[in-house]
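There are 2 protein chains.
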Amino acid sequence: MPSFNEQHFQELDISFRKNLINSLMGARPAVLIATANAHGKTNLAVFSQIVHVGANPPLCGILFRPDSVERHTLTNIRETGWFSLNLLSSEYAENVHQTSARYGADSSEFEAVGLDPEFTNDYLAPTVKQAHIKAICQLKEEIPVVSNGTLLVIGAIKWIGIEDECLRSDGSVNHYSGKSLAVCGLDDYASLQHVARFSYAKPDRKPEKLMP
Amino acid sequence: MPSFNEQHFQELDISFRKNLINSLMGARPAVLIATANAHGKTNLAVFSQIVHVGANPPLCGILFRPDSVERHTLTNIRETGWFSLNLLSSEYAENVHQTSARYGADSSEFEAVGLDPEFTNDYLAPTVKQAHIKAICQLKEEIPVVSNGTLLVIGAIKWIGIEDECLRSDGSVNHYSGKSLAVCGLDDYASLQHVARFSYAKPDRKPEKLMP
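Sequence lines, in order, name chains A and B. Using our numbering, you'd call the opening residue of the first sequence number 1 and step up by one each time. Using our numbering, you'd call the opening residue of the second sequence number 1 and step up by one each time.
No lab work stands behind these hints: they were computed from the structure.
Some chain A residues flagged as far from chain B (calculated, every beta-carbon gap over 10 Å): (1) E11; (2) N37; (3) G40; (4) K41; (5) H72; (6) G81; (7) S177.
Derived lysine to any residue pairs resembling SDA-like cross-links, with alpha carbons at most 20 Å apart: (8) A:K179 with B:Q193; (9) A:K209 with B:A101; (10) A:K41 with A:L139; (11) A:K18 with A:N148; (12) A:K140 with B:E6; (13) A:K158 with B:N148; (14) A:K179 with B:K179; (15) B:K202 with A:A101; (16) B:K158 with A:S147.
Idealized CB from N, CA, C, for every residue including glycine.
If we strip away everything but chain A, and leave its shape as in the complex, we get (with noise of 0.2 Å):
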C-alpha cells in the first residue's frame, strides 16, 4: 500500500497535497450556504466542511477558512446573524460549482449562477428556490481553532423545509430520491447509491437490515 509521511508532506508538490488532503476522507455534502447584507443584497457559496453538532436544540457548525471567497458568507452572517443551508440535486452541479467563483461584491452569485432566492416568514436570510432541503439558522457561537486560524460556526436551526418526497414516516431524510449532491474535495461531485439501513447497534446479535 502506497504511504506518505511527515517527511513526504512536505516535499510533496503543493497541489498534489492540497487534492490529496482536502479528498481524504471522501464525500461530504456539497452545501450552499445563503445569506443576505445588512442592505438585503444576497450571496450564495459552496460548502462542504459542515458537521450535525446536535439534534435538541438543533445546531449545525460550519468550518470557515479565512482566506478565501468564503468572506462574504461570513461577513454576512455577522451583519444579520442569519444564513441558510441548501441542498440541491445532481442536476444543478455545475450551478452549485460555479458560486465558488470569486465573483465582486457588486453581483450575487444566485443571478449569476442561475438559482433564485426566496425569503420565508420574517427570516433574515434567503433560501435557494431550487432545492429539496432547505434550513434556516442563526448564529449561535464562533469557535476559533488555533492550530491554524480557522473559525467553527455554530447555528441554530430555526426552519427547516423538506420536500415531501425526501421524508421518510420516521423523520430521516431519504437522500436517494432527492439525488442529494455530495462533493469529494473541491471538485469531484458525486451523488449517492443506498448500500444498507441497519437497527441500532447491539453487543449480543449482528444487526438487522432496515427498510431504506
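Following the hints, position chain B against chain A.
Just chain B now, kept in the frame of chain A:
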C-alpha cells in the same frame, strides 16, 4: 413544501426529531476511528462528524458528543495522543455499523466485528487492515462547543496509507474505485456515484468538466 419551525421542533416526537436533524444535510464519510489505550488494548468506533481543517499542515477535526460510546475513543486519544481514521468499502457496511454497539471495556470492537488492527512504525494507534484509505493522526487541540457541550478534537495527520487504485495522478482520492462508505444520519449507509468533476470556477466562464 412541508416545513418545520421552532414550535414544531419542540412538539415533534424525540426520535423523529433526532432522525430529521441527524440526516438533514446528507451523507458524510463513515470513518472508523481506531485507538489503543496505554496498555495497547485496541478500540474501534464509527464516526461521521469529521471535517477537513487544513492541508498545510494537514489537519482534521472530529466532533465528539459527551454522552455516547465514543468515550472509549476519546479516553484513548487523551491517553496516548494518537488515533487513526479508516475508510472501508461498502461491502463492510455491517462490520462498520456494528462498531457502534456498546461493547464493554473488556472486549475490543476489532475482534467483535471481525476486523484486524495493524500497527505501523512506532505510532501509538492501530489502523484497520481492511481499510483502503487510512490516516494516522496526533492529538493537536481540543475545542469545547459551549452551545451544547460537544467537543471538537483537532488532529495533525502524520501518516497516510492509500490503495494504489484510489490515488489519482493529481493527488486527489478516487472514492469510486474504492467504493468508500458514506452514511446519512446514524444508520443509512451509502456508496458514491460519480456526477462530474469541474475545473476551478471563474466568474467570466462556465466550468469545464475534468476527467474523473
